[in-house]
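Add chains B, C, D, E and F to chain A, keeping to what the hints say.
What follows is each chain in one-letter form.
There are 6 protein chains.
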Amino acid sequence: MAEFQTGLPSSRQVQIAIREKKDVEVKLLTDDLILGKVSWQDQDCICIIDQYDQPTIVWRHAIAFIKPKS
Amino acid sequence: MAEFQTGLPSSRQVQIAIREKKDVEVKLLTDDLILGKVSWQDQDCICIIDQYDQPTIVWRHAIAFIKPKS
Amino acid sequence: MAEFQTGLPSSRQVQIAIREKKDVEVKLLTDDLILGKVSWQDQDCICIIDQYDQPTIVWRHAIAFIKPKS
Amino acid sequence: MAEFQTGLPSSRQVQIAIREKKDVEVKLLTDDLILGKVSWQDQDCICIIDQYDQPTIVWRHAIAFIKPKS
Amino acid sequence: MAEFQTGLPSSRQVQIAIREKKDVEVKLLTDDLILGKVSWQDQDCICIIDQYDQPTIVWRHAIAFIKPKS
Amino acid sequence: MAEFQTGLPSSRQVQIAIREKKDVEVKLLTDDLILGKVSWQDQDCICIIDQYDQPTIVWRHAIAFIKPKS
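Protein chains in written order, with our numbering: chain A, 7 to 76; chain B, 7 to 76; chain C, 7 to 76; chain D, 7 to 76; chain E, 7 to 76; chain F, 7 to 76.
Hints were generated in silico from the structure; no laboratory data involved. Bear in mind that the values here come from a model prediction, so they are computed numbers and not experimental data. It cannot be assumed that every hint is accurate.
What the hints assert, rightly or not - Chain B regions said to be covered by chain C (calculated; three or more residues, Cβ under 8 Å): (1) 10 to 16; (2) 31 to 40; (3) 61 to 74.
Stated by the list, open to error - Heads up, incomplete: computed chain A residues facing chain B, CB under 7 Å, no partners named: (4) Leu35; (5) Leu39; (6) Ile69; (7) Ile72; (8) Lys73.
To be verified - Derived lysine-lysine pairs resembling BS3-like cross-links, with alpha carbons at most 30 Å apart: (9) Lys75/C / Lys75/E; (10) Lys75/F / Lys75/D; (11) Lys27/F / Lys28/E; (12) Lys73/D / Lys73/F; (13) Lys28/C / Lys27/E; (14) Lys28/E / Lys73/E; (15) Lys43/E / Lys75/C.
All C-beta atoms, glycine included, are put in the ideal place defined by N, C-alpha and C.
Okay, chain A solo, but in the shape it has when bound (with noise of 0.2 Å):
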């Protein structure tokens, strides 16, 4: 994976979930469904927050699409 680039519009959609503290649905390639909000994002992983405050990191590798909760 390239150097983590922080001006691409992925990396942005990401960085505003976090701001804007959304409620995001991150499917990922095991078809697991994370619901929660982003607290952080590197190149390797994505870190949601469910609503018991509990941490999951991701993988960039296993997610299949981030949208917005629904």
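Here is chains B, C, D, E and F on its own, set in the frame of chain A:
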């Protein structure tokens, strides 16, 4: 992943789909089928807007294929 | 992924399939089987045209194998 | 994969889990769930010690997510 | 993927299988089992010729394992 | 994949398994479980010898985890 190359046929086809607001089907490795219009692409992701105007940020590594909506 | 190398046996075999308009089967990691003729390839994707002249842009990372249509 | 960067948030969270001997759940792309304490990490793998003191060397590319044991 | 290194034990084992026309089983991540003789390899693919002399170009990223036909 | 680094903890653990002829379980992303002794490793593959002395060349990208045979 190498630097995003806008000159590649695949990048240009996606760019044309964006410009012409074509409806596409994006089949993922999870077997999910995402339907909608492509709104942007970067080196890691492609964003699809569905009929309710909701965005889904799809990771390229999770894409199996893209085709015009049939 | 390294720069696309047109001199590789695998790239040349795909190039021959394009030039000779051969019917191929492309088996994906999703277990989808895409049938048709290869119209172009680049470092990320291979495009298959089906019998209704519809293109499917297949990501290389999703390809398990390609073989002549049996 | 780029050189292992110990300064990344994700690497530091795993390092904290090692130091504090936290119980974690590691969900894999195979859907296996590995439970135990993290004993070490390097750029390719993370090692989990289960309750019987047996090590499992997990490849990072196979990890979907890590979370504190619930 | 790094440049193809013909000196690696794994590359040499495949090269020996080519030279000695050994029958092999190639298990893919799709769970497909490809049976036949290896005809060539490059950095992206391995080509297997089945008993009807049909080639299957298998992508390395889709290979789980190769073993002598049992 | 970066150059194979023999100094990594994960490479050294595999090296110890080779030297001490330990029985291991290798779980693959296909859910296959390969049992046997590790005979060699390189940057792309790990070779497992089963109880009938048959080699299986396993691709690293297909490995979920390795653990001592229980």
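We went through each hint and held it up to the structure:
| no. | hint | verdict |
| --- | --- | --- |
| 1 | 10 to 16 | holds (count 4) |
| 2 | 31 to 40 | holds (count 4) |
| 3 | 61 to 74 | holds (count 8) |
| 4 | Leu35 | 6 Å, holds |
| 5 | Leu39 | 10 Å, violated |
| 6 | Ile69 | 5 Å, holds |
| 7 | Ile72 | 5 Å, holds |
| 8 | Lys73 | 4 Å, holds |
| 9 | Lys75/C / Lys75/E | 25 Å, holds |
| 10 | Lys75/F / Lys75/D | 25 Å, holds |
| 11 | Lys27/F / Lys28/E | 27 Å, holds |
| 12 | Lys73/D / Lys73/F | 21 Å, holds |
| 13 | Lys28/C / Lys27/E | 27 Å, holds |
| 14 | Lys28/E / Lys73/E | 10 Å, holds |
| 15 | Lys43/E / Lys75/C | 19 Å, holds |
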